[in-house]
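Student: Got chain L; can you put chain D with the ligand on it based on the hints?
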Amino acid sequence: MWEVVKSVLAAFFGVQKEQRRCEDFQHGRAAVFITVGLLMAMLLVVLVALVAVVAAR
Amino acid sequence: MRTLLVWLAGGLSLAGSIQVAMANGWNMPVGVTELSGNIHSLHMTIFWICVAIGVVVFGVMFYSLFRYRHAKGAKAANFHENIVVEVVWTAIPLLILIGMAVPATATLKQMYDASEADLDILVTGQQWRWRYDYLGEDVAFTSNLGTPRAQIRGEEAFGENYLLEVDEPLVVPVNRKVRFLFTSDDVIHSWWVPDLAVKQDSVPGFINENWVRIDEPGVYRGQCAELCGKDHAFMPIVVHAMEEEAFDTWLADRRAAASQEAQGIDREWAMDELMERGEQVYTAVCVSCHQEDGSGNPPAFPALAGNQALLDDRDRHIDTVVDGVSGAAMPAFRSTLNPVEIAAVITYERNAWGNDSGDSVQPSEIAERLSD
Ligand SMILES: [Cu+2]
Chain L
1 MWEVVKSVLA AFFGVQKEQR RCEDFQHGRA AVFITVGLLM AMLLVVLVAL
51 VAVVAAR
Chain D
1 MRTLLVWLAG GLSLAGSIQV AMANGWNMPV GVTELSGNIH SLHMTIFWIC
51 VAIGVVVFGV MFYSLFRYRH AKGAKAANFH ENIVVEVVWT AIPLLILIGM
101 AVPATATLKQ MYDASEADLD ILVTGQQWRW RYDYLGEDVA FTSNLGTPRA
151 QIRGEEAFGE NYLLEVDEPL VVPVNRKVRF LFTSDDVIHS WWVPDLAVKQ
201 DSVPGFINEN WVRIDEPGVY RGQCAELCGK DHAFMPIVVH AMEEEAFDTW
251 LADRRAAASQ EAQGIDREWA MDELMERGEQ VYTAVCVSCH QEDGSGNPPA
301 FPALAGNQAL LDDRDRHIDT VVDGVSGAAM PAFRSTLNPV EIAAVITYER
351 NAWGNDSGDS VQPSEIAERL SD
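Chains as they are written, first to last, in the numbering used here: chain L, 1 to 57; chain D, 1 to 372.
Extracted from the complex, chain L is given alone in its bound form (with noise of 0.2 Å):
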């Protein structure tokens, strides 16, 4: 799990190694990285909103 999330993590970023890359493909599961990757990003909305809640302060 923790292999997925890093993995999400370098696309939200856009750099990730040749080799993980495969890697994922050969292993992982589609559906996995979907639903990882939707909750990261609400995950990320939720926390740009906070930084912007404190700074409006």
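Hints are supplied without guarantee of correctness; some may be wrong.
[Unchecked claim] Straight-line C-alpha distance at most 16 Å; calculated EDC-like pairs for lysine to aspartate or glutamate:
#1 D:K177 - D:E226
#2 L:K17 - D:E81
#3 D:K177 - D:E216
#4 D:K199 - D:E226
#5 L:K17 - D:E86
#6 D:K177 - D:E86
In case anyone wonders, no lab produced these hints; they're calculated from the structure.
Tutor: Below, chain D with the ligand alone, put in the same frame as chain L:
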């Protein structure tokens, strides 16, 4: 050594030409409010960051093009990925963006904080003038283009403030927070005064907010910044910022004048009084469509001079000016002109330019018509 000197000279001349351009008024003005100063320095911060990025990126690019040119037998390096380089060139822009977002957000917060104002002014855009209502002060007036039509037609030399002058400027105090509420009666206009760092759309059916606290007394000029029809260029803005005491006196005088005009509704007005007032109103409000000599611009803008059908039908004349003509460009003046002004301008139209109906319209008659 030589290349270094070339770079140094190039950098210095770039910075020099930027300074020259700014000194010649090509840059955004610093303005006369604390906020406009902040906006200006934010603008300059972002500008210099962009200049630095441009110099580094293009510098590396041109240096590489020159140093590793084909003529010298350079061979391209064919590698696929390099994690370190990729991380670096992603992280640096990210940090730069965050660095720009912090001051930008701080300034935006300040701009949007229109709370706790000392004075509220409702600014209404109209084709083609601005109307200012000092809310709660019983003072309201329209501010029309002050440049003589003869200058616009090229018959006279241009004045100093050609198309940047009005008959009645907006008057505001210095050192007090003035909140503007923007709306429009017809199409979208935009109230723009660069020295105050305010450019706000006025949209029919919406109220937008903005505010100023002016530091220096003075006259600041601006224009409508949203293409709004034929006379878009003819609805300038002039803001007269006064010392606080002078402003209070001005406001009290305006209030007194307004209540005097309100009393004028009940009395009988003489013909030449109405004609004089009517000519003022006509010149300020009606000329842009009906022309100085009442000749209009048929067929879209009918002539008023020699318009016998109109002279024969006094009621229709009153109705047209009070209610406008829906579906045509003729505005309703029931809420923008007071009864005295409406009565005077109708009387004027019925007796100017060889129209000699001989009849007058009294303010009391219009007041009654308006209360129906
Ligand atoms: Cu306009």
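Student: Broken hints, numbered, in rising order?
Tutor: 1 and 6
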